[in-house]
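Engineer: Next come the chains, spelled out residue by residue.
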Amino acid sequence: MSTVRKKPTSVKKTTDAFIDQAGSNLLEGEVKKGKTKKSQVPLVIPPQLLKELDEHLESSSIGLSRSNYICQAIREKLDREEKM
Amino acid sequence: MIIICGGIKGGGGKTTTAINLAIMRGLAGFEVLLVDADSIDNGNASDFSAIRDETLESKHYTAIKLNGKAIAKELPVLATKFADIIIDVGGHDSLSQRAALTVADLLLVPVFPSSFDTWVIESINTLISEVNVINPKLKAYCFLSRADASGNQNDDASEILIGEYPEIEFIDCPVKNRKVFRNASGQGLGVVEYKPKDPKAIDELKKLYQTVFKQSFQD
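From first to last, the protein sequence lines are chains A and B. If you read the first sequence in my numbering, its first letter stands for residue 25, the second for the next number, and so on. If you read the second sequence in my numbering, its first letter stands for residue 239, the second for the next number, and so on.
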């Protein structure tokens, strides 16, 4: 007997999707935004650069975390390089 | 028949409706299952059933607590063993209520006659139009509950509820705010069992019973 992956039927998928919208009180056609699972990666960073980052975040009033700041920096760099 | 006493706002009288209909149906000789699907543990159908167990030899219904997605799976199985299942859900858009909506025959929404309570019917109307794709047999009724004994607030609320929401049928079975509901539930009794009898409250519940079950109540 072959081994098969357990797949929910399309009816079950639709039912589950409806049930999972609980608490959303959505207007028709709206879709609840699911939480995107983020990956955790170790980042090797020179101490001086980390110090500068922390000082910058502390002095700015943006209230960003280290992670968010680094993610924004990555995004900006990627966008810039894509345009080149 | 699987009936949800539901809605997405608290204080409308869902638990009171559920327990009284379950008792009346049980007294009429039907096998009834009362499902407490309210995730909040105080002041719900289970508490009432516990008091009723201490008060009477027979509750005239079977009571269970069931929550979450499991409801969608278990109710159709339980429906083969009971003539009627009455589900009391919490006063919010919960997983339990949505799961029940996917398999139920009737959503019964008690509406307190106030602006806030009538406004949320629009959200329930949307909810039903969404679930009807999955469960086309589901019907929805709303009725005035804890209605004023006098004044024109009931008429104002009725006017809003009649015809404005295509997925929900307004049924003219107002259940008025009467002391007997509090007195009876505090003793683990249904309004039809409580003495001294309140004929007006009993008549209102009988009318609701007849509309829901399409039979007159005879115990």
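The hints are simulated quantities; they were obtained by calculation from the structure and are not laboratory data. The C-beta atom is built at its ideal place from N, Cα and C for all residues, glycine as well. Careful, some of the hints might be misleading.
[Stated by the list, open to error] Pairwise CB distance ranges (calculated):
#1 77(A) / 367(B): 49 to 57 Å
#2 239(B) / 37(A): 41 to 49 Å
#3 312(B) / 70(A): 56 to 64 Å
[Stated by the list, open to error] Derived lysine-lysine pairs resembling BS3-like cross-links, with alpha carbons at most 25 Å apart:
#4 311(B) / 435(B)
#5 297(B) / 319(B)
#6 319(B) / 307(B)
#7 375(B) / 414(B)
#8 452(B) / 37(A)
#9 36(A) / 303(B)
#10 377(B) / 414(B)
#11 37(A) / 307(B)
#12 36(A) / 445(B)
#13 319(B) / 414(B)
#14 435(B) / 414(B)
#15 433(B) / 417(B)
#16 307(B) / 417(B)
#17 36(A) / 452(B)
#18 435(B) / 445(B)
#19 375(B) / 297(B)
#20 37(A) / 377(B)
#21 303(B) / 319(B)
#22 417(B) / 445(B)
#23 36(A) / 307(B)
#24 62(A) / 37(A)
#25 444(B) / 36(A)
#26 297(B) / 433(B)
#27 375(B) / 36(A)
#28 417(B) / 438(B)
#29 375(B) / 445(B)
#30 297(B) / 438(B)
#31 445(B) / 37(A)
#32 444(B) / 417(B)
#33 377(B) / 311(B)
[To be verified] Which stretches of chain B does chain A cover? Using the computed rule of at least three CB atoms under 8 Å from a CB of chain A, they are:
#34 327-333
#35 443-449
Engineer: Holds or violated: residue 417(B) and residue 445(B), Cα atoms, limit 25 Å.
Structural biologist: 19 Å, holds
Engineer: Between residue 303(B) and residue 319(B), is the straight-line Cα distance small enough, at 25 Å or below?
Structural biologist: 17 Å, holds
Engineer: Do the alpha carbons of residue 37(A) and residue 377(B) lie within 25 Å of each other, as the hint requires?
Structural biologist: 23 Å, holds
Engineer: So if I understand the rule, the pair passes when the alpha-carbon distance is 25 Å or less; does residue 62(A) with residue 37(A) pass?
Structural biologist: 24 Å, holds
Engineer: Hinted pair, alpha-carbon criterion (25 Å max): residue 375(B), residue 297(B). Please report holds or violated.
Structural biologist: 30 Å, violated
Engineer: With a cut-off of 25 Å on the C-alpha distance, tell me whether residue 433(B) and residue 417(B) pass.
Structural biologist: 12 Å, holds
Engineer: Taking only the CA atoms, is the gap from residue 444(B) to residue 36(A) under or equal to 25 Å?
Structural biologist: 38 Å, violated
Engineer: Does the structure keep residue 375(B) and residue 36(A) at a Cα separation of 25 Å or less?
Structural biologist: Roughly 17 Å between the alpha carbons, so the hint for residue 375(B) and residue 36(A) holds.
Engineer: Taken at face value, is the distance from the CA of residue 433(B) to the CA of residue 297(B) at most 25 Å?
Structural biologist: With Cα atoms ~17 Å apart, residue 297(B) and residue 433(B) stay inside 25 Å; holds.
Engineer: With 49 to 57 Å as the target window, see if residue 77(A) and residue 367(B) comply at their CB atoms.
Structural biologist: 50 Å, holds
Engineer: Between residue 36(A) and residue 303(B), is the straight-line Cα distance small enough, at 25 Å or below?
Structural biologist: 23 Å, holds
Engineer: Would the pair residue 36(A) and residue 452(B) pass a check requiring their Cα atoms to be no farther apart than 25 Å?
Structural biologist: Status violated; Cα separation ~32 Å.
In summary, the numbered hints that this structure violates are 2, 4, 7, 8, 12, 13, 16, 17, 19, 25, 31 and 35.
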